[in-house]
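K.L.:
Please take these sequences and the hints and turn them into a complete structure.
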Amino acid sequence: MEENTNRISLDEYKKYKKRSLAADVWHNYKKSPSAMVGLILIVIIIVLAIAAQLIYDYEVDIVQQDLSQRFIAPNTEHLFGTDQYGRDVLTRVLYGAKYSLAVGIVSVAISCAIGATLGLIAGYYGGVIENVIMRFCDIFMGIPSVLLGIAIMSAFGQSLIVLMLAVGLVYMSAFARTARSAVLPVRDQEYIEAAKVAGVSDLKIIFSHVLPNSLSPIIVQVTMGVANGILTASFLSFLGLGVPVPAPEWGAMLSSGRQYIRDYSYLTNFPGLAIMITVLAFNLMGDGLRDALDPKLKQ
Amino acid sequence: MSQTENTKDLVLDLKNLQVRFETEDGICYAVNGLDLEIERGKALGLVGETGAGKTTTALSLLRLVPDPPGVVECEKMVINGHDMLNISIKELEKIRGKDISMIFQDPMTALNPVFTVGDQIAESIMLHEDVSMADAQRKAIDMLELVGIPGERAGEYPHEFSGGMKQRVVIAIALACHPQLLIADEPTTALDVTIQAQVLDLMRNLRQQYQTSLIMITHDLGIVAEVCDDVAVMYGGNIVEQGTLEDVFNHTMHPYTEGLFNSLPNINDRKAKLTPIRGLMLDPMDMPPGCPFAPRCPYYDEKCDLPQEKKYVTETHAIRCCAYERPGFHIERKER
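In order, the protein sequences belong to chains E and X. Position one of the first sequence corresponds to residue 221 (my numbering), numbered consecutively onward. Position one of the second sequence corresponds to residue 16 (my numbering), numbered consecutively onward.
Hint data in this document are derived by calculation from the structure and do not stem from the laboratory. Cβ coordinates follow ideal geometry from the N, Cα and C atoms, glycine included. Check before you lean on any hint, since a few could be wrong.
Said to hold, decoys possible - With a straight-line cut-off of 35 angstroms between C-alpha atoms, the simulated DSBU-like cross-links for lysine-lysine are: (1) E:K424 to X:K326; (2) X:K154 to X:K109; (3) X:K154 to E:K250; (4) X:K91 to X:K326; (5) E:K424 to X:K105; (6) X:K57 to X:K325.
What the hints assert, rightly or not - Just a sample of chain X residues kept apart from chain E, beta carbon distances all over 12 angstroms, derived: (7) E64; (8) E108; (9) A125; (10) L217; (11) E241; (12) G294; (13) D316.
P.N.:
Here it is in structure tokens:
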């Protein structure tokens with residue numbers, strides 16, 4: 221026995237340690253070209269957002285008006301043109317990335333943390349607990365999401381944090397439903413019973429055995445949620461309920477450019493394009509991540 | 016079994032176990048007043064046809080019968096000195112895996128597909144022993160080698176193993192903390208015959224190494240003969256015949272056990288017809304007050320409709336059958 225242990229601990233144990241979960245997932249992830257495109261796009265967007273924070277001054281470059289420079293069509297000096305107050309659209313789109321990314325990611329983190337946990341608990345325990353949680357979510361879903369967003373925004377006032385919270389709560393019940401339906405087939409598997417036999421506690425079973433096995437639909441929901449969150453935030457800003465006005469949030473830019481869409485369509489085209497590319501990037505990444513997390517798809 | 020209790024080192028002491036499932040369609044009586052005792056280091060074969068209550072008995076020992084609809088009632092359930100009836104969930108989690116462990120029937124679904132096998136063995140070690148992650152993983156690799164799988168495969172996922180190897184992994188998990196009592200629920204049913212022999216060999220060796228007691232649930236009498244010291248034959252939620260391997264196999268007394276043996280294929284006469292036990296397993300929703308086997312029994316008389324008492328024929332051999340009160344009664348075992 222003693223000799224045996226020593227032999228393994230040196231060579232084979234190292235070999236075994238090398239294959240961590242993160243390394244495995246990355247190994248699979250990089251095989252998919254579309255997923256890599258998504259990842260590269262997201263990295264570019266994040267880098268640009270950070271660069272814009274460092275290069276541009278909010279007061280001077282983003283909100284300062286110069287009416288002599290109004291409505292200049294895209295040219296070499298102003299690549300995306302200027303808006304009705306003479307502000308450079310490219311600068312504003314780059315600077316606005318931080319709002320959309322922050323709202324998209326944080327709001328999904330909120331709705332996933334609350335919603336998925338509720339769904340996991342409901343699906344795993346079943347019975348009365350499930351009924352209470354899921355009916356609560358049904359009531360939540362019964363309220364139109366835009367109306368709910370508007371209600372929360374007008375109740376707590378306009379700010380970035382409230383916007384994140386509002387978007388997060390709007391999508392919470394979607395996460396609860398997805399998580400619950402993903403748990404149901406896993407709950408009755410023999411390996412869950414085997415884990416109980418080994419003496420694993422319920423809480424640990426839920427988070428370390430049930431969750432990883434029902435992760436794929438939740439991951440898809442997360443990436444869709446980021447995209448949806450960005451869109452909902454843009455929508456609320458478009459209605460004038462999102463980030464307060466002078467801030468270059470993409471939805472707010474769409475909203476203010478709307479009245480000039482016939483003559484100066486670039487005012488809406490560029491922020492719209494920015495939203496589209498960001499949403500696409502998150503969707504591509506989510507797709508790739510789901511495949512990479514499934515050990516059975518490994519070669 | 017007529018010895019006094021304190022002279023015996025019992026790993027399992029079970030008295031009058033009753034399990035019923037209260038459904039909307041009626042009450043299903045799965046186990047009805049079952050007694051079971053297992054001495055340390057011994058192996059008991061729990062034999063019976065589908066629906067006899069074998070797996071339900073095993074699950075109720077682990078307190079894993081789904082509730083609702085399951086209701087478990089018991090006079091006494093002591094496992095390795097722990098009273099399983101009055102116990103908190105926390106203590107129960109400590110006992111599961113450490114004192115009592117179980118091997119499931121289907122190795123294909125008993126392993127979590129998203130974790131490497133090494134991590135799954137290590138998890139069970141981490142839960143019950145105060146060791147670091149690295150030590151637990153090293154121990155997990157030792158366990159893998161012990162069941163005959165190269166240690167470097169610890170980093171692979173369950174789908175990369177064959178069925179027989181998965182069952183070895185399941186056995187490694189079950190034995191990782193050296194439980195005192197191991198329940199094997201038809202551990203070889205999903206495996207082909209050559210792998211069956213390997214797995215049984217492995218289990219026997221490991222059992223000798225760690226002095227583990229075993230409950231082997233099976234419907235294969237060949238496996239019982241190979242592995243077990245004692246045999247309990249179950250029918251309709253109760254044990255109808257119980258004794259040592261010698262008692263049950265060579266001095267068969269109960270008509271149901273007789274039927275089981277007579278229905279085995281005859282290896283000497285390959286053209287011989289199989290002799291099934293006539294009739295069907297009874298409906299557990301509609302249990303007769305008397306012997307559950309009475310409707311299918313060739314030796315039936317009116318006394319069989321009364322509740323049957325457990326009677327010791329010899330010191331180790333017990334049956335539930337009133338036919339032996341008739342003068343000169345004996346069953347007819349086919350000669351091979």
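K.L.:
Let me make sure I understand: some of the numbered hints might not hold for this structure. Which ones are they, in numerical order?
P.N.:
Per hint list: 1, 8 and 9 violated.
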